[in-house]
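S.K.: With the hints in hand, could you dock these two chains into one complex?
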Amino acid sequence: MTDFSSKSNPPQGTEHAEPPSFFEELHRQYVIRISEQTDTFEFCMTEHLRMSGVYWGLMGMALMGRDLRKEMGAEDLASWVMRCQHEGGGFGGNEGHDPHILYTLSALQVMALLGELDRVDKDKVAGYVSGLQQSDGSFFGDEWGEVDTRFSYCALSSMAILGQLDSGKIDVKKAAEFVGRCRNFDGGFGCIPGAESHAGQIFTCVGALSIARSLHLVDEGLLGWWLCERQCDSGGLNGRPEKQADVCYSWWILSSLKILGKVDWIDGARLKGFILRCQDSEDGGIAERPGNLADIFHTFFGIAGLSLLGYFDGREGYDSFLPVDAVYALPVPLVEQLGLKSEMREPVPLPPGAT
Amino acid sequence: MHGRKKSDLPQTKEEKDAVRAKISNYKKVVGAIRHKRATGQMDAEYKQLLGKLLRLHPDYYSMWNFRKEAVLAELSRIEDAHSRQGGSDDGDKAAEEISSGTLLSPSVQEQQKKKIYEEELALSVDCIKRNPKSYPAWHHHKWALERGLDLLGGRSALAGDLALCATFLELDGRNFHCWAHRMWVAERMGLSAREEFDFTTDKIKQNFSNYSAFHFRSKVLPRMVEEAGHDRWQLLSDELDLTHDAMFTEPADQSVWWYHHFLLTWADDGTDSCSDSERYENILRAEAATLGELIEVEVRCKWAEVALLLVSQRLANALEPRPQPPRAQDDETNNGGGGVTAAGNGSTEAGEVRESCRGMAARLSELDPMHGRFYEFVEKGGTVMGGQQMRGSAREADR
Ligand SMILES: [Zn+2]
Numbered sequence: 000m001t002d003f004s005s006k007s008n009p010p011q012g013t014e015h016a017e018p019p020s021f022f023e024e025l026h027r028q029y030v031i032r033i034s035e036q037t038d039t040f041e042f043c044m045t046e047h048l049r050m051s052g053v054y055w056g057l058m059g060m061a062l063m064g065r066d067l068r069k070e071m072g073a074e075d076l077a078s079w080v081m082r083c084q085h086e087g088g089g090f091g092g093n094e095g096h097d098p099h100i101l102y103t104l105s106a107l108q109v110m111a112l113l114g115e116l117d118r119v120d121k122d123k124v125a126g127y128v129s130g131l132q133q134s135d136g137s138f139f140g141d142e143w144g145e146v147d148t149r150f151s152y153c154a155l156s157s158m159a160i161l162g163q164l165d166s167g168k169i170d171v172k173k174a175a176e177f178v179g180r181c182r183n184f185d186g187g188f189g190c191i192p193g194a195e196s197h198a199g200q201i202f203t204c205v206g207a208l209s210i211a212r213s214l215h216l217v218d219e220g221l222l223g224w225w226l227c228e229r230q231c232d233s234g235g236l237n238g239r240p241e242k243q244a245d246v247c248y249s250w251w252i253l254s255s256l257k258i259l260g261k262v263d264w265i266d267g268a269r270l271k272g273f274i275l276r277c278q279d280s281e282d283g284g285i286a287e288r289p290g291n292l293a294d295i296f297h298t299f300f301g302i303a304g305l306s307l308l309g310y311f312d313g314r315e316g317y318d319s320f321l322p323v324d325a326v327y328a329l330p331v332p333l334v335e336q337l338g339l340k341s342e343m344r345e346p347v348p349l350p351p352g353a354t
Numbered sequence: 000m001h002g003r004k005k006s007d008l009p010q011t012k013e014e015k016d017a018v019r020a021k022i023s024n025y026k027k028v029v030g031a032i033r034h035k036r037a038t039g040q041m042d043a044e045y046k047q048l049l050g051k052l053l054r055l056h057p058d059y060y061s062m063w064n065f066r067k068e069a070v071l072a073e074l075s076r077i078e079d080a081h082s083r084q085g086g087s088d089d090g091d092k093a094a095e096e097i098s099s100g101t102l103l104s105p106s107v108q109e110q111q112k113k114k115i116y117e118e119e120l121a122l123s124v125d126c127i128k129r130n131p132k133s134y135p136a137w138h139h140h141k142w143a144l145e146r147g148l149d150l151l152g153g154r155s156a157l158a159g160d161l162a163l164c165a166t167f168l169e170l171d172g173r174n175f176h177c178w179a180h181r182m183w184v185a186e187r188m189g190l191s192a193r194e195e196f197d198f199t200t201d202k203i204k205q206n207f208s209n210y211s212a213f214h215f216r217s218k219v220l221p222r223m224v225e226e227a228g229h230d231r232w233q234l235l236s237d238e239l240d241l242t243h244d245a246m247f248t249e250p251a252d253q254s255v256w257w258y259h260h261f262l263l264t265w266a267d268d269g270t271d272s273c274s275d276s277e278r279y280e281n282i283l284r285a286e287a288a289t290l291g292e293l294i295e296v297e298v299r300c301k302w303a304e305v306a307l308l309l310v311s312q313r314l315a316n317a318l319e320p321r322p323q324p325p326r327a328q329d330d331e332t333n334n335g336g337g338g339v340t341a342a343g344n345g346s347t348e349a350g351e352v353r354e355s356c357r358g359m360a361a362r363l364s365e366l367d368p369m370h371g372r373f374y375e376f377v378e379k380g381g382t383v384m385g386g387q388q389m390r391g392s393a394r395e396a397d398r
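Heads up: the protein sequence lines correspond to chains A and B, in order. Its first residue numbered 0, the first sequence is counted upward by one per residue in numbering that gives the first Met the number 0. Its first residue numbered 0, the second sequence is counted upward by one per residue in numbering that gives the first Met the number 0.
If we strip away everything but chain B, and leave its shape as in the complex, we get (with noise of 0.2 Å):
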């Protein structure tokens, strides 16, 4: 139970009535259903009765499981209809049986059956806009537009369930019960990587603070290198430039700063050749410019000092490829790391850029003492940019 106030229990003589007589014709409904399923009576009004209640009170699951049965009967019912049709080898009798209306025409089954599918979509979307985060109405919705996909017109019924979802993030876009949703339309109707970018662009743009879109967003660029075959360093620099706007716009807003430290986690990871690492270095030392005339308008803007520190960290360790320091917990594993690797002058440039890191960590303990242990964990080596055998498994759990 979330969102309630005290003041909102009943206080007068009037409005504990009302409670009293709510909880009873609630329990009427309950009552009733009940009834009716223990003596089997599966019919119009038990389904009228399952949709009142759980329009009520839409995480009842069971009662969901009830409708769910009651829909399952029906369409065998009808099934029924159709199979002794079917099974009749005298076609006569067959449309004799039709006409006389014991026995359903294959188009006419059809249209019942859409009819019942398109019941259970308008009650899940009724309990959906009465609660958006019931999770067994999200599901039953599922459950009916799977099952009837073909009878609901296939590709037009999931368009029109993506332009539902639309719909839903309008009036909340964080919602991740929709959003969730939504991927899964979008992969049955196998829209394309290009499609579900856009769809992004479009929410971020709406609202840099749209956490749920840059989580999408992070999904989806991937694909575009791969299936829309995009330039991935062109991509890169597009996306940083639109998190520039992000993040000079409103700088406090942790969501781009989640997306861009990411963005930097896929250029490295994208990073094999030595011009691949040239146009790596180069981009963080844009990156830590960008950065600083941020800090510079924006002072004490934990976020872009953060940022900076975690850029200057790449930064060094792309310069100075040294053993991933061990994580405290597998330390025997990390032993006789291969030592470092210092090339030429970078090796000063590296060691001036980890001196420079040290007191950016010491300095934001000071600003943001709430996260101190967290900027000692960086300061002393710790990596939030997961080592490669940690991407590498990602990468795989992606496919």
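Looking at chain A on its own, in the form it has when it is part of the complex (with noise of 0.2 Å):
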């Protein structure tokens, strides 16, 4: 498989036809359809992690400027994160599953979403997330001792949304200085250091040096340039070489990306092709790839990733969309509103003349 496509032999195929619009009315029906389908073989499959599903179609929703708290049934939604809150603090995937921190950053995302984070008591989930930091700086997932580079993630972006990212509680420099020792050969990142790069990795990386505010841990050129030779010839990413394109790598390449002020490294109107491909153009929804079986996952990181790229900035009909942070996967506006900081290169603006 090669990565490029050769002028003097343009591949033939769907690629290159104009591609569909994006399907909004079919995607919100989908999302509420999703949510309300609770006797599907999926839906029971994926229940340990509910409380990301929750999250992503609240996120889908959002970013379309819908009206959570009136189309979500945000009361109840509330209530239910609430119930699957422990005594330790953390929260599971679900009612009665256990506790762990990718619920956790999924719950006070949710809450966020929804406006209600009053009703989280702060000091308490602060506690379990500072509670799972060892001594090299990085982070258990709960009580069982796994290590990834994915929980230093959801634990600063944790304690960022609870506004304790600087009381102390967690060894910030600690916690970046693990993550930088998971560096690789290509400038990527893996889940443990000596660990393959992975591009969903790499999101939770290089977003987790964002929040620490230690970008300079990043071999920004060289991360650059791996990031983009993601993109296959249609048009859209993979997450790691002579790998398939799937539409969640839109979201986890274009956001660091973005934090690195490079998403135009990348064709951003074949991307935006592949991802409106994606699209199931009867039932709504998006899936990895063409063809395939859509879902809330795929919907979501779809939709943000086409927010990365501009797709809906000044477009008929889309004004009230929200862009989406590429930090802490929130819309910009509430990011704005909660006060969340981070650390983000400013692009390089083109040179006179280019398009």
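Worth flagging that the hints you see were computed from the coordinates, not collected in a lab. One or more of the hints may lead you astray.
Claimed, not checked - Straight line, CA to CA, 35 Å or less: simulated DSBU-like cross-link-like pairs of lysine-lysine: (1) Lys-121(A) - Lys-35(B); (2) Lys-141(B) - Lys-172(A); (3) Lys-26(B) - Lys-141(B); (4) Lys-128(B) - Lys-67(B); (5) Lys-21(B) - Lys-4(B); (6) Lys-218(B) - Lys-242(A); (7) Lys-15(B) - Lys-69(A).
M.R.: What follows is the structure in structure tokens.
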């Protein structure tokens, strides 16, 4: 498989046809429908990560400018989130599921989106998060001791949302240094020191370093190059060399590039086309790749990717859409309202005459 | 959820009924487990139900936690039986209790504990086979192996796991969960740099497209010098030969090109003396020549052209060290840099090489317009070779 298209031999197929438009109304219906369809096998198999599922659904709706309090049953949702919290302060992926840092962040994001953060005992949650930090700066996912840079991101983002990033409860500098130790020969980051780079992991690491104001630990030129080489002939992005493109990497990679000020290092028009072709034109929702089954995870990441690409900016009928923040994965106005800080590079302006 | 088609959804009445039955069976098992847990019945049947459920749904993390709880409870029951014996100062009485079966002899106790850990390993392996990318299944496997290591046979158990990883990597040579686990096992075993190096050689020779293997090779290469005492320059030359094999075989495959780029950065890093500098320059010239040959046979091979551009940029920098071009963000720190320290006729050659770089970047923008912004960045002196500072911190981080 080759990653660039040769001019003398243009690739044939749907890639170069005009991509479909964005099926806003279908996606809105899709998000509502799947939150109500509780008798499917998919629903059953995702019960353990419902908290994240709810977050993805709310984010999809929020970015499409919907009123979450009106359309998503905010009161019931917020009460359900609170029922997922444990004595120790952490949240589980669902009622009766064990606390974990992944779902603790999702729970905080959901409450922030619903405007219900005040219902959360912030010191209690911060106590749970800080209790997971290890002496080398890393974080356990829960009491059972798995270490992963995903958890570093969750911890830092959670502490920021709780307004306790600089409270001294966690060692932010050490957290950043641990992430820095996971940097590889290609400029990317893995789940632990020594592990292979992976675009999803790179977002969590670059995001964590951005929150920790430690972007100096990123080899920006090298990583930017590696990330932009994730773009495949189809216009979509893959997560590692010689892998297939997948809509979720539109988010992981674009957000990383956005933080590095290098979104224009990929071909935005072709990526937009890829995401739009992954929409289900009958039932709504966005799939990982064209022709596959849509799910809420890829629906959110597809919409967020289009947002980072500026697809909705200035386009007629999308005035109410909200831009997404590349670090916190929340709508920009909410990030501003919560006063969440991060480090981000300014994009280098295009040279005169460039298109 | 990845890799599913709409047509995988149940269509006919029979298919829908089958799914309904599956869901109801699944819910029954979950319900039974939760009931037993709530009522404190952590018995053999409880563990069996957990095993059944996890084999169906290896990503259900709480169920793995329940399983660990049950294992710990079982272990402490066995240990209790043992410590009652240890605490007894009446040896005869203890011996009697052992023979009557109310107390466990040390060897029986060890055997029972070992069996428990073996069951956990078997369960996690089944689940990994079902979903090779299941984070909690991999974590449970490591948890059981680490906790039970001595009972399981210490080094021989690790060796068994190493072989298991090799089998999994035969099925999917890119499974990063497996590679990361293998890295942990190898560390625990204290595998030598040589052994690790040879493993990546095998994987790469099987398939030049195995980027994961190149990644781990980049980690073990410095150890070959530091631990195994290999000559850095000889090693480099052998490695470059390997990359030439790969790039002439599969020039459009990215994997080798990233490793090639890394090798030259590594070479640059080890360049401390004048004679080193000369060696480094000679290597760059030889690489440029090899890439030129490849470009002749593989017309429009983007990766070869990019590599040639970057090799040329390195050569120009080596011939004529110039201050690091300011990174867009921290101009302040880079002002007042040392200025050009051109050495004799080197500077003329450096100027020519730089001029050719500009031409190459322009050609690449045309050949591969998707990455035009990146070539523009390189043309303007942007670096993808990591500043000394960056590399220094990377070296520190590796320790
Ligand atoms: Zn995906």
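S.K.: Are Lys-218(B) and Lys-242(A) close enough, with their CA atoms no more than 35 Å apart?
M.R.: holds, 22 Å
S.K.: Has the given pair, Lys-21(B) with Lys-4(B), been kept, meaning a C-alpha gap of at most 35 Å?
M.R.: This hinted pair holds, its Cα atoms lying about 19 Å apart.
S.K.: With a cut-off of 35 Å on the C-alpha distance, tell me whether Lys-26(B) and Lys-141(B) pass.
M.R.: holds, 28 Å
S.K.: Are Lys-121(A) and Lys-35(B) close enough, with their CA atoms no more than 35 Å apart?
M.R.: holds, 34 Å
S.K.: Could you grab the alpha-carbon distance between Lys-141(B) and Lys-172(A) and see if it respects the 35 Å cut-off?
M.R.: It holds: about 29 Å lies between the C-alpha atoms, which stays within 35 Å.
S.K.: Is the Cα-Cα distance between Lys-15(B) and Lys-69(A) 35 Å or less?
M.R.: holds, 34 Å
S.K.: Are Lys-128(B) and Lys-67(B) close enough, with their CA atoms no more than 35 Å apart?
M.R.: The given pair, whose Cα atoms are some 20 Å apart, holds under the 35 Å limit.
No hint from the list above goes unmet by this structure.
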